[in-house]
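Novice: Sequence:
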Amino acid sequence: MCVCALLVIFCCVSVIKSETCYGKDEKSIISGIRSSLKTLEDKLNEKFPRCPAGWKEYKNHCYYFSSDKMSWFEAERTCRNMGAYLVKVTDSNENSWIKNMITSKKVVEQNYWMGAGDYLKEGDWRWVNDLSKVQYSAWKSGEPNNLGSNEDCAHFYQPHGFNWNSKS
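For the sequence shown, the positions run -18 to -1, 1 to 150 when mature numbering (1 follows the signal peptide of the UniProt record, and there is no 0) is used.
Misleading hints may appear alongside valid ones.
[What the hints assert, rightly or not] Here are the simulated SDA-like pairs of lysine to any residue, each with C-alpha atoms no more than 25 Å apart in a straight line: (1) K38 with A57; (2) K41 with W79; (3) K81 with N128; (4) K81 with I15; (5) K87 with E104; (6) K20 with W37.
Hints are computed from structural coordinates only; laboratory data are not their basis.
Required output: the full structure, derived from the provided sequences and hints.
Specialist: Below is the structure:
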């Protein structure tokens, strides 16, 4: 029994010892490969952008800002027909970027739909693309309020600096 335990310990130690750190030559080769891959990726992105024309990229996601006026359900269907979905905002940086994009369009009298809704169960806000629970939010003060008992969709609300608002 003692010999087996020593053998197992010896094998584990020898496996760890066989994984030596990279030497200068190996590090140089790996660095060169990474640099070449980055250059190739940059050139490919120039020739073949990740996002279609008219779309904006943020953290490897493509965003389309439409100025067409439509209901939440029409907007959701339009996005699906484009192979996309209404935006799912996951953090404050993304929310700030979206708000900056909206305000830079100089279309300040317009509100923009997002993919959050509580149409399945009142007060249970979920993202339409995967039905995951809304974790991050940027509701304007007092929202969501379900005004008139029928506000089940969320949008970026212009009168309050494009903070989130519930809407029917």
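Novice: Against this structure, judge whether each hint is valid.
Specialist: Verification of the supplied hints:
1. K38 with A57: This hinted pair holds, its Cα atoms lying about 18 Å apart.
2. K41 with W79: Given that 25 Å is the threshold and the Cα spacing comes to 11 Å, the pair holds.
3. K81 with N128: holds, 23 Å
4. K81 with I15: violated, 38 Å
5. K87 with E104: violated, 33 Å
6. K20 with W37: holds, 23 Å
Hints 4, 5 from the earlier list are contradicted by this structure; the remaining hints agree with it.
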